[in-house]
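Asks: Using the sequences and the hints, build the whole thing.
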Amino acid sequence: MRPPVTGEAIEVNDLTKKFGKFTAVDGVSFAVHRGEIFGFLGANGAGKSTTIRMLCGLLPPTGGTARVAGFDIRTQPEEVKRSIGYMSQRFSLYDDLTVEQNIRFYGGIYGLDAGAIERRKEWVVTMADLRGRERSLTGTLSGGWKQRLALGCAILHEPRIVFLDEPTGGVDPVSRRNFWELINTLSGEGITVLVTTHFLDEAEYCNHIILINAGKLIASGSPSELKRSHITQPILEVRLGGGAIVEALETVRASSWALETSVFGTSLHVMVADEREGARLITSALAAAGIPTSRIERIVPSLEDVFLYLLDRQEAPPPAGGAA
Amino acid sequence: MGQAVVTDGLSRSFGGVRAVDRLSLSIAEGEMFGLVGPDGAGKTTTIRLLCGILAPGGGTATVLGHDIARESDAVKREIGYLSQRFTLYGDLTVDENIEFFAEINRVYDYRARREELLEFTRLTPFRKRLAEKLSGGMKQKLALACTLVHEPRLIFLDEPTTGVDPVSRRDFWRILQALLHRGITIVMTTPYLDEAERCTRVGLMNRGALMRVDTPAALKSLMQGEILEFVCDRVRDASAILRTVPAAREVQAFGDRVHVVVDSAAARRRDLVAALEREGVRVAGERRIEPSLENVFISLLGARGAPGGTP
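As you go down the protein sequences, you meet chains A and B in turn. Using the working numbering, read the first sequence as starting at 1 and increasing by one per residue. Using the working numbering, read the second sequence as starting at 1001 and increasing by one per residue.
The set of hints was computed from the structure by calculation and includes no laboratory data. Mixed in with the good hints, there may be bad ones.
[Unchecked claim] Below, a sample of chain B positions facing chain A; criterion: calculated Cβ distance under 7 Å:
| # | residue |
| --- | --- |
| 1 | R1198 |
| 2 | P1216 |
| 3 | A1218 |
| 4 | E1294 |
Backbone N, C-alpha and C fix where the C-beta goes; we use that ideal spot for every residue, glycine too.
Replies: Now the structure itself:
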């Protein structure tokens, strides 16, 4: 069945899921445009996995509606499942099968015929840069190659929407960068990508991000919008003249004007109410403690800063983790 | 301050592959030292050599003054090691796990230490919970507590935050900072370069060899060229356009902006903006940005080099 050609790739309206008395997803609404790379962020237990499972047609909602590729997740879950691809770091490739055996295996699961499997095999091998390694055992590939093979297998059936669930856990920086270039190419071909990640530097690759906490949507915007609109107080990076980082941290933390202080290598990041006044207070407090500063400048908050800031302002976030 | 770790030409091969290749390195007491590199760079093998678990094939190393080949028992006794495969006992409680690790480390009078570790990792309210019922972040804190039970002065952490969410990660880093404050030396590996920025010094490894060792700030000064950031619409088109400009050495597309490496930001910015605007891309903002450790790392390795490191 062909999905309708108009409308958003994913439309979510007031989606709710309760398990007994516990509300895992609480009235969440958002829309994902066609071809967008959309980041879905939240700490463990925030309701991310539950939402993803509903959007994949694996779990019926308690309330609200969602359409994925035009299909209603409540009444057309089978059509939803056929229209999407799903990949996670736990996506199971068989290590003791070769690259092409894995591709054929997944092609079979998706019900592709022999011709389609061969055609898609060629596509995956090119896309994942696995030419010449078709007969290698999957277990002998490096993390980066395995990950791209996993992505290829997840989209063998040419879905218009792909869910990436923590796709790059434990993968090195070079491979991660190549992986995102690939995702960018797919999105350029009109494929919609919805990604969850714990690594907020990865969320920078998303066109749009939403953040959920305790089942509720708490922020939505592009990476730049999120950085601009939430943290209004300046964050100053303080480079020290010499070592003494621990003493510097204690000195600044003991003050009344440092709103948030953390150590980055041999520098401190300090959130203050006012840039100029803050810099003056830091310099004099550290000088009084005998610690010279070599440079103080305002930095743009990272998405991680924004994320943690927003979560801290929510009342009673779940204790480090909690139920999924 | 003394040296916690000193290696001289440390090497180890597996079959014909040099997993660690003539590594010479000193780590002072009280440092938080980060080893970073692609998969297969030799980070974990280095840690295992320094923990006295794996015998070196060549070269020497001393850890807390003990030779890792001749005095590996003393090394193992005096350090803590949190491996990637560190296993808690899921069917034991938090309390029982700490007790178990205390006993195998021959710490018989562990009760006061356990209270201290639970307090320190903020696991006291969960002490009666089975380890298998803990969240990923809490498991990681419990594993760290078990690693610290015998009061090591030096701990090795192999990718301690992989798969841990940002809130738990911040928690974990706060604990590490507190350890550092108590004078404990920390040597860790991480695939995440934003994490490496938190270390006092960083060693970049590739193919078994140590490419560079320095503070994050000094490593960033190695960056060849400067980085310009353009916040714009049609990011994908923008990066394709910029790739056709000869002055653009490297182009990286993000969700709502593009980073371009050039020899001089001041000299090139006008040409790049003009190239974008000629094709109708709307540039909402542009500025020069400081390189991250990831930029440096990629420029040292060559972004287009072997994808995924060693096959």
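Asks: Any CB of chain A closer than 7 Å to the CB of P1216 (chain B)?
Replies: Because about 4 Å separates P1216 (chain B) from the closest Cβ in chain A, which is inside the 7 Å limit, the hint holds.
Asks: Should the hint that R1198 (chain B) touches chain A count as held when the rule is a Cβ pair under 7 Å?
Replies: Check passed: Cβ of R1198 (chain B) comes within 5 Å of chain A, closer than 7 Å.
Asks: Does A1218 (chain B) hold up as a contact with chain A if the rule is Cβ-Cβ below 7 Å?
Replies: violated (9 Å)
Asks: Per the CB criterion, is E1294 (chain B) less than 7 Å away from chain A?
Replies: holds (5 Å)
Comparing the model with each earlier hint shows a violation of hint 3 alone; every other hint is respected.
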